[in-house]
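**Q** Here are the chains, one letter per residue:
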Amino acid sequence: MSIIRIDTDILIIGGGAAGCFAAVEIHKKSPDCKVVIMEKAHIERSGCLAMGLNAINAYIHSGQTPESYVSYVEKQFVGIIRKDLVYGIAQGLNEAVRDVEKMGLPIDKNDDGTYKKRGERSIRIFGERLKPLLAEAVQKTPAQILNRVVATNFIYDGERVCGAFGYGVRNSTFYVVRAKAVIVATGGASGIYKPNNPGVARHLMWYCPWNVGTGYAMGIRIGAEMTSFENRFIALRVKDVHAPTGTIAVGAHSKQINARGEDYLERYYKHIGGNKCLTQHRLLATIEETKAGRGPCYLDTTTLSESDERRLKEDFLNMNPQIVLLWAGKGMNPRNKPVEIHGTEPFVVGGHCQAGYWIDKERNTTVKGLYAAGEVAGGAPKKYVSGSWVEARIATATALEDIKDVSLGDIDDSIIQIEKNRVLSPLNKKSGVSPLEMRERLQKIMDEYAGGISMNYVIHEERLLEARRLLKCLKERIKDMTAVNNYNLVEALECVDRIDVARVLVEHLIYRKETRWSCYQPRLDYPEKKDERWLVFVNSIYNPDTDEIKMVERPLCQ
Amino acid sequence: MPMSIFIDENICNGCKGLAEARCERICPGDLCYRKENMKAAIRDQSACWTCAACVKECPVQAIELRLPFQACSNGASLKARLKHDKTIWTVWYADGHQEEFIIQAKCLKGDR
Numbered sequence: 001m002s003i004i005r006i007d008t009d010i011l012i013i014g015g016g017a018a019g020c021f022a023a024v025e026i027h028k029k030s031p032d033c034k035v036v037i038m039e040k041a042h043i044e045r046s047g048c049l050a051m052g053l054n055a056i057n058a059y060i061h062s063g064q065t066p067e068s069y070v071s072y073v074e075k076q077f078v079g080i081i082r083k084d085l086v087y088g089i090a091q092g093l094n095e096a097v098r099d100v101e102k103m104g105l106p107i108d109k110n111d112d113g114t115y116k117k118r119g120e121r122s123i124r125i126f127g128e129r130l131k132p133l134l135a136e137a138v139q140k141t142p143a144q145i146l147n148r149v150v151a152t153n154f155i156y157d158g159e160r161v162c163g164a165f166g167y168g169v170r171n172s173t174f175y176v177v178r179a180k181a182v183i184v185a186t187g188g189a190s191g192i193y194k195p196n197n198p199g200v201a202r203h204l205m206w207y208c209p210w211n212v213g214t215g216y217a218m219g220i221r222i223g224a225e226m227t228s229f230e231n232r233f234i235a236l237r238v239k240d241v242h243a244p245t246g247t248i249a250v251g252a253h254s255k256q257i258n259a260r261g262e263d264y265l266e267r268y269y270k271h272i273g274g275n276k277c278l279t280q281h282r283l284l285a286t287i288e289e290t291k292a293g294r295g296p297c298y299l300d301t302t303t304l305s306e307s308d309e310r311r312l313k314e315d316f317l318n319m320n321p322q323i324v325l326l327w328a329g330k331g332m333n334p335r336n337k338p339v340e341i342h343g344t345e346p347f348v349v350g351g352h353c354q355a356g357y358w359i360d361k362e363r364n365t366t367v368k369g370l371y372a373a374g375e376v377a378g379g380a381p382k383k384y385v386s387g388s389w390v391e392a393r394i395a396t397a398t399a400l401e402d403i404k405d406v407s408l409g410d411i412d413d414s415i416i417q418i419e420k421n422r423v424l425s426p427l428n429k430k431s432g433v434s435p436l437e438m439r440e441r442l443q444k445i446m447d448e449y450a451g452g453i454s455m456n457y458v459i460h461e462e463r464l465l466e467a468r469r470l471l472k473c474l475k476e477r478i479k480d481m482t483a484v485n486n487y488n489l490v491e492a493l494e495c496v497d498r499i500d501v502a503r504v505l506v507e508h509l510i511y512r513k514e515t516r517w518s519c520y521q522p523r524l525d526y527p528e529k530k531d532e533r534w535l536v537f538v539n540s541i542y543n544p545d546t547d548e549i550k551m552v553e554r555p556l557c558q
Numbered sequence: 001m002p003m004s005i006f007i008d009e010n011i012c013n014g015c016k017g018l019a020e021a022r023c024e025r026i027c028p029g030d031l032c033y034r035k036e037n038m039k040a041a042i043r044d045q046s047a048c049w050t051c052a053a054c055v056k057e058c059p060v061q062a063i064e065l066r067l068p069f070q071a072c073s074n075g076a077s078l079k080a081r082l083k084h085d086k087t088i089w090t091v092w093y094a095d096g097h098q099e100e101f102i103i104q105a106k107c108l109k110g111d112r
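As given, the protein sequences belong to chains A and B, one line each in that order.
Okay, so the first sequence: first residue is 1 according to the working numbering, each after it adds one.
Okay, so the second sequence: first residue is 1 according to the working numbering, each after it adds one.
Be aware that a few hints might be false.
Here are the simulated lysine-lysine pairs, PhoX-like style, with alpha carbons at most 25 Å apart [to be verified]:
| no. | chain 1 | residue 1 | chain 2 | residue 2 |
| --- | --- | --- | --- | --- |
| 1 | B | 83 | A | 102 |
| 2 | A | 102 | B | 79 |
| 3 | A | 140 | B | 109 |
| 4 | A | 116 | B | 109 |
| 5 | A | 330 | B | 79 |
| 6 | B | 86 | A | 109 |
| 7 | B | 109 | A | 109 |
| 8 | B | 79 | A | 239 |
| 9 | B | 86 | A | 102 |
| 10 | A | 140 | B | 79 |
One side only, chain A facing chain B, incomplete, derived with CB under 8 Å [as the list claims (entries may be wrong)]:
| no. | residue |
| --- | --- |
| 11 | 45 |
| 12 | 128 |
| 13 | 209 |
Derived from the structure by calculation, the hints contain no laboratory data.
Quick caveat: nothing in here was measured; it's all calculated off a predicted structure.
Think of the CB as a built atom: it goes at the ideal place given N, C-alpha and C, for glycine as much as any other residue.
Construct all of the structure, not just a fragment, from the sequences and the given hints.
**A** And the structure:
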């Protein structure tokens, strides 16, 4: 097993939306700064944007302001958001979108050249090649791109993050990358819970199945403070293929109807504007209708015209081609039959909800030398792709300033050996627990004891305590995992990361003794929202020496 | 017949001359590989996200996107090819008829 050692100024972990934008941004601000991107797949088609994207859902249209954007997000998240972070994002949204347009992204425009309004805060894009376009911009810079290198842990001396370890699956090589600053820009976590579809269709899911929370887990393992994992994200999606419903509801103005054809959002939420209810209400009402025997529920696409329908299919081809395939297989057109919807399994994400690193306005994490941007950065929900770009811009400015007086850290060979042995150990065992067994066990525990689909997402203390106990047992079996090849080894490493994320998630779910976010965090034992006690952030810090997760509260800031 | 992508070995040329096949290079889940006969294959159908990255990347359109049988019991398929600033999609319905979409995917330098 060979080792490749690389020294750089700034290491970016994860070459997705935030990571690619960060690399371009560093080159713009400081052309001599050396940059390395460590990417699990290939930056041209990796992560959330691999399929493409048909809308940018965080944009400030004329008549709106960063202030109005913050109010909107605060309302959606029932009073708990980091207003300072969201405000900083809102201020930079339009400029970031303009920058990506210059990279070649086609955007739907009015005759006067302004972007056409799709929804209150969104614009329509033709983003089938958004990821290749971002990658192309990176490839024009001198940044060194390590494709197919899976990040395994930060290099951390107890005070400062001085780089990261990675495993190259193509060349079976262990990477030691020393850096003056590290920007973590990985995705959120899927595969924590049992997915909607079993067996051969298990990855027919909304969120990218290879975003397994590695960036979270790496931070957790060095004691970085994490926030709001209990603010899980459960998406309302098109049944079976899990394509986003916003493309139909916002893009084509379709209403949600139950099996009797009734507009049930109007019935549930008349007092708060019916169809203008919160995102989470759209899911909650759908679950309630189904429980009451009025399901399945649908998006009523039967009001579409022929040209609307064609446009809808084009939008989906730009982002979720499998729904067009589903319609073709069923021999149906959405104009003739409404589209069935349901809830997905819970995900841990910082782009739609706000699970992630606890950061300051400059995107410093609580660990020196480590900055967070995009999905892994907590406290700023509904940032989506454009907000991730803004965070990348802010984080790079901070990192560039910070590295001026920093030199590369020394790394003891014994530390490299320990990490290498840990990473490769599944390959050296002849029998034991397969990554598939490990993943299925984790997903079963989380589904049944921590509010998965089979429990209608509800949670309460006794079950969560059982989840805590079972996850601890499961973690003890990690040492028995086996892998037969590099692909399999990555699956094993993914299990390790998912278990670390799941354990933190369960502690967060136990700690918040109220129901703040209806179906994202519905506590049967504390069904009410209690502002007088719980208008606080629930944060956690893992102690790797004692294997304990300490919970702390942080006040809301203005 | 569990399906996510279908690779037609009669069309696949294995991207001969390249260090790895284009589908192998691009798959976000690292699922494609080249067999000894220099034909591309998918190592685990159940791990496919149906993202179509390989479908778009294949220069000879050897790869079709399909859905797993459990999601839809009738066959349909989807192919794509990238042509300059456009992506051209062909959808085959279960009854055999097809639909084509030509969608702008990139602004060329002059349009920016």
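**Q** Each of the hints needs a verdict: does it hold here or not?
**A** Hint-by-hint comparison with the structure:
no.	hint	result
1	B:83 to A:102	holds, 20 Å
2	A:102 to B:79	violated, 29 Å
3	A:140 to B:109	holds, 15 Å
4	A:116 to B:109	holds, 21 Å
5	A:330 to B:79	holds, 18 Å
6	B:86 to A:109	holds, 18 Å
7	B:109 to A:109	holds, 17 Å
8	B:79 to A:239	holds, 23 Å
9	B:86 to A:102	holds, 17 Å
10	A:140 to B:79	violated, 30 Å
11	45	holds, 4 Å
12	128	holds, 5 Å
13	209	holds, 5 Å
In summary, the numbered hints that this structure violates are 2 and 10.
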